[in-house]
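*Asks:* Quick mapping for you: the protein sequence lines, in order, are chains A and B. Residues 2 to 219, numbered by the working numbering, are exactly what the first sequence covers, in order. Residues 2 to 219, numbered by the working numbering, are exactly what the second sequence covers, in order.
Copies of one chain are not kept apart here, so a pair can be met inside one copy or by any two copies together.
Computed cross-link-like contacts, SDA-like style, restricted to lysine to any residue with a CA-CA straight-line distance of at most 25 Å: (1) K6 <-> K39; (2) K83 <-> C23; (3) K56 <-> E66; (4) K16 <-> T4.
Think of the hints as simulated: they come from the structure by calculation, not from any bench.
The primary structure of each chain is shown beneath.
2 protein chains.
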Amino acid sequence: MLTPKQYNLLMFINKTLKETGCCPSFDEMKDALGLKSKSGIHALIDALVERNFLKKLPHKARALEVVRLPKLKPSSIIAEEKLKEEALASSTVELPLYGKIAAGTPIEAIANESEKVSVPLNMIHGGEYYALTIEGDSMIGAGIMNGDTVIIKKTNVAHNGDIVVALVDDCEATLKQIKKDGPEVLLIPKNEAYETRRLPASRVKIQGILSSLIRTYH
Amino acid sequence: MLTPKQYNLLMFINKTLKETGCCPSFDEMKDALGLKSKSGIHALIDALVERNFLKKLPHKARALEVVRLPKLKPSSIIAEEKLKEEALASSTVELPLYGKIAAGTPIEAIANESEKVSVPLNMIHGGEYYALTIEGDSMIGAGIMNGDTVIIKKTNVAHNGDIVVALVDDCEATLKQIKKDGPEVLLIPKNEAYETRRLPASRVKIQGILSSLIRTYH
DNA sequence: AAAAAAAGAACTAAACTAGAACAAAAATCA
DNA sequence: TGATTTTTGTTCTAGTTTAGTTCTTTTTTT
Chain A
2 MLTPKQYNLL MFINKTLKET GCCPSFDEMK DALGLKSKSG IHALIDALVE RNFLKKLPHK
62 ARALEVVRLP KLKPSSIIAE EKLKEEALAS STVELPLYGK IAAGTPIEAI ANESEKVSVP
122 LNMIHGGEYY ALTIEGDSMI GAGIMNGDTV IIKKTNVAHN GDIVVALVDD CEATLKQIKK
182 DGPEVLLIPK NEAYETRRLP ASRVKIQGIL SSLIRTYH
Chain B
2 MLTPKQYNLL MFINKTLKET GCCPSFDEMK DALGLKSKSG IHALIDALVE RNFLKKLPHK
62 ARALEVVRLP KLKPSSIIAE EKLKEEALAS STVELPLYGK IAAGTPIEAI ANESEKVSVP
122 LNMIHGGEYY ALTIEGDSMI GAGIMNGDTV IIKKTNVAHN GDIVVALVDD CEATLKQIKK
182 DGPEVLLIPK NEAYETRRLP ASRVKIQGIL SSLIRTYH
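Whenever a hint applies, use it, and build me the whole structure from the sequences.
*Replies:* And the structure:
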């Protein structure tokens with residue numbers, strides 16, 4: 002019934018009429034549709050008048066009236082709205098920033114929910130996540146630098162080779178690569194200046210595995 | 002249907018009519034709209050009568066009647082819609098993923114706008130951005146690993162020490178730290194297995210500086 | 001290559017502002 | 001009640017700004 006441009010213009014006119022009580026000018030409509038010249042608006046309005054969606058007083062300023070609204074939307078508009086909804090749904094998630102890791106304190110203790118990090122939803126795939134700020138250079142060999150923000154997926158199981166948040170003796174949390182060795186666990190830093198720690202599995206709790214990393218320069 | 006002035010006047014008339022029970026005079030209306038002459042009020046009232054919002058007894062004092070008011074959307078609904086729009090606006094940005102860097106081809110040549118990366122809006126601060134996938138390990142010392150996604154801010158100026166996308170001889174693009182040395186430019190990899198290149202400034206074009214980095218595990 | 005959409009510019013008309021002069025209505029008062 | 005004053009509405013003129021119309025050219029699309 003209507004072209005997408007006609008539909009958008011009609012909706013814009015209707016919206017400004019309802020919101021401000023007064024009719025938009027040709028220039029305002031031109032801006033709303035992202036056009037650089039208002040001559041095109043003329044044609045669109047004529048088409049809308051012809052199709053009996055608008056009434057206008059010719060040669061009067063801001064003298065348009067919406068007669069009716071279409072029951073059907075142009076299919077491209079429907080597609081666009083779907084995209085927008087998806088964008089809204091899939092936009093970002095606000096994750097709690099639990100503080101700095103490798104600082105020797107368990108994560109829950111630091112938990113300060115006030116700070117948040119926003120992360121694109123496509124970095125998140127089911128489950129619960131939180132963020133940490135990296136302190137120190139013990140994982141520099143894995144490209145994890147001092148000051149980086151890491152996104153951690155909450156879990157208490159990990160596979161060999163995963164980089165995990167490990168809580169040792171319920172008091173010291175660090176980000177390390179994990180390797181299971183029978184009844185013991187290896188926490189492997191990725192920096193030759195640090196030594197691998199070998200601990201009985203009972204002393205180590207996994208608080209999550211590394212899911213992604215965000216770094217901002219400057 | 003109405004111009005802003007007409008709308009304001011109509012609302013003022015309606016308001017004083019409801020509040021005081023009697024119609025404002027031309028001078029009162031003139032003052033209410035901040036005009037210095039009441040002749041303009043006349044024209045506005047004529048327009049409102051013509052559009053059937055007012056009725057008047059000519060040559061009678063304070064003899065206006067409001068016929069109807071433009072129907073507005075409740076402001077609560079407007080506020081809600083604004084919130085949604087803002088949420089949408091502040092969510093993520095879709096940046097073009099221009100391909101892999103350190104592959105020896107200029108970025109524009111690879112440019113394939115179909116691939117996109119979504120990035121939280123707070124990573125972006127004015128200017129134009131694009132994304133690249135890192136190939137190779139020449140910047141591993143700076144925590145930039147093979148497969149990482151880097152967000153680049155378009156610019157052709159950089160300061161010493163910045164990590165930039167440098168185009169050499171219009172054909173080879175790499176991500177390196179830059180240092181200016183008189184008429185020459187140093188492109189410094191962050192990996193001892195690679196050597197710093199020293200080139201005349203004329204052969205090097207900066208295509209952007211590193212703004213942030215995103216890495217996904219698994 | 002033809003048709004449609006958009007841009008641009010030029011033109012015309014309407015909207016707005018201001019000031020003043022005047023006429024009609026309303027209020028006041030003898 | 002009738003005369004007088006005050007308030008209020010009407011009508012000009014004139015200039016400025018804003019807005020609508022129309023036309024030609026350019027760009028995009030098919």
